[in-house]
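J.: So the chains spell out like this:
Number of protein chains: 2
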Amino acid sequence: MTFQEKLRAAAAQNRSLLCVGLDPDQAQLPACVRDQDNPTLYFLKHLIDATADLVCAYKPNFAFFGALGEAGWPTLKATLEHIPPSIPVLLDAKVGDIGNTAEQYARMFFEVLGADALTVNPYMGRDAVAPFLAYPDKGVFLLCLTSNKGAADFEQQELADGPLYLRVARKACEWNTAHNCGLVVGATQSAAFAQLRQLAPDLPFLVPGVGAQGGDLEAVVRHGADAKGGGLLINASRAVLYASAGTDFAAAGRRAAQQLREQIEACRAA
Amino acid sequence: MTFQEKLRAAAAQNRSLLCVGLDPDQAQLPACVRDQDNPTLYFLKHLIDATADLVCAYKPNFAFFGALGEAGWPTLKATLEHIPPSIPVLLDAKVGDIGNTAEQYARMFFEVLGADALTVNPYMGRDAVAPFLAYPDKGVFLLCLTSNKGAADFEQQELADGPLYLRVARKACEWNTAHNCGLVVGATQSAAFAQLRQLAPDLPFLVPGVGAQGGDLEAVVRHGADAKGGGLLINASRAVLYASAGTDFAAAGRRAAQQLREQIEACRAA
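So the protein lines, in turn, are chains A and B. Numbered by the numbering used here, the letters in the first sequence go through residues 1 to 270 in order. Numbered by the numbering used here, the letters in the second sequence go through residues 1 to 270 in order.
These aren't lab readings, by the way, just hints derived from the structure by calculation. Take the hints with a grain of salt, since some may be wrong.
For identical chains, the list gives no copy identity; a pair is met inside one copy or between any two copies.
Taking lysine-lysine and the DSBU-like style, the derived pairs with C-alpha atoms no more than 35 Å apart in a straight line are [said to hold, decoys possible]:
1. K149 / K171
2. K171 / K45
3. K149 / K228
Start from the sequences, fold in the hints, and give me the full structure.
T.: So, in structure tokens, the structure goes:
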């Protein structure tokens with residue numbers, strides 16, 4: 001089963017376009033998990049159990065595991081193993097390097113860790129992206145227009161035929177011969193969604209920035225959904241993970257995820 | 001001691017602008033190391049021992065360690081511990097993410113692993129770079145104009161005031177308030193060195209691409225050196241690591257490094 005098929009099946013099964021980001025920030029873990037053998041793993045397992053019927057995907061961010069040092073790899077691996085096999089895993093590492101190095105990253109994330117999809121930084125161009133696209137069953141999400149303020153520094157700069165991020169989107173369509181490419185488009189960039197969806201009618205968009213970053217969910221769904229009302233992975237991390245700092249963290253995370261899924265579904269119905 | 005001071009001291013001590021890239025590709029390890037408990041570590045330790053008096057820095061590439069799975073982190077850590085403390089370590093991971101994630105990468109590479117410098121992808125703009133620049137004693141090398149063919153796809157695209165990579169260089173100068181920023185400029189891009197050095201007279205340039213990728217060493221040194229004839233970390237990975245597939249791999253790596261250092265010194269003297 002390809003990433004795209006797995007994503008569509010999970011989205012249909014759970015009636016959800018919600019992707020939950022797994023960013024275990026040590027400074028924000030609830031006090032009640034700190035006595036566990038592996039607080040991060042305990043915390044994430046409970047959140048996964050509490051939300052697995054509400055999401056279309058999980059998005060672990062590699063940095064938060066890497067910052068754990070030696071414990072990072074086994075913790076990430078055990079987290080991935082705890083995710084039900086029907087839910088796709090989109091690993092967020094924003095990698096990008098020359099060909100022989102990109103091959104190592106592809107091996108690391110797709111083969112050794114078994115992720116279904118990966119975020120990739122397009123700055124270095126086609127040959128830095130190709131080793132990932134060479135896995136037809138995996139998803140490759142190119143950073144296009146991100147949710148942060150710094151998007152103005154380079155991504156939104158004007159080339160002869162439009163801003164840089166549109167060129168990234170056009171190139172993604174051109175390189176998408178195996179139908180495994182997607183784009184990262186921040187929810188705070190709602191004005192850009194209509195044009196990007198027109199340009200890339202079939203690409204899935206990973207959309208961070210609806211929670212803590214304050215993006216406009218309604219505009220994202222209205223302008224960003226594909227012809228079938230899907231094609232979006234709307235990500236929330238902090239809003240779900242840290243919904244409560246108490247012993248009810250998993251239940252509170254579930255409520256936050258439920259609320260977000262319902263908001264998204266209401267937008268889709270409208 | 002800051003990264004810049006450590007770099008200058010190592011370059012002066014070893015009379016070298018050569019940086020050796022530590023990219024342990026499992027498919028290329030000499031047969032004679034395969035029986036070792038940790039073939040990668042054994043291989044790298046011998047190469048470090050054979051070259052530590054010839055280099056101004058080592059540049060381990062995270063991907064090649066990550067691809068080892070669970071063994072990757074301890075192998076990387078033990079490799080870094082084996083590098084003499086007088087030689088700076090530039091960790092090549094080309095990271096870039098929003099602020100709270102970038103902070104995790106900074107912690108991972110600067111604090112937990114203790115690297116002296118890091119490569120960072122500038123695509124997401126200032127707030128994705130700032131958490132690294134916030135470490136005044138560490139070096140932050142922004143990808144500017146890379147050595148691969150894909151550089152034409154985005155990096156060399158023309159904005160109103162010149163190509164994108166020049167904007168990255170101008171921003172790097174603007175963001176360099178702690179004097180800890182550098183640029184990555186591929187050796188295959190020799191035509192761009194004079195302009196980049198004029199624009200950024202004081203920034204160190206990490207220059208990959210002289211070995212396997214075939215860059216023009218003489219043009220790099222002539223146009224890329226700073227006013228004192230330094231400011232370059234000229235990287236070779238495969239040309240040194242895989243100089244021999246036999247039991248003489250370390251001696252052959254030393255000869256390759258020596259030859260490159262002498263070529264660079266000859267260019268500096270000219």
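J.: Which of the listed hints are not met by the structure?
T.: 2
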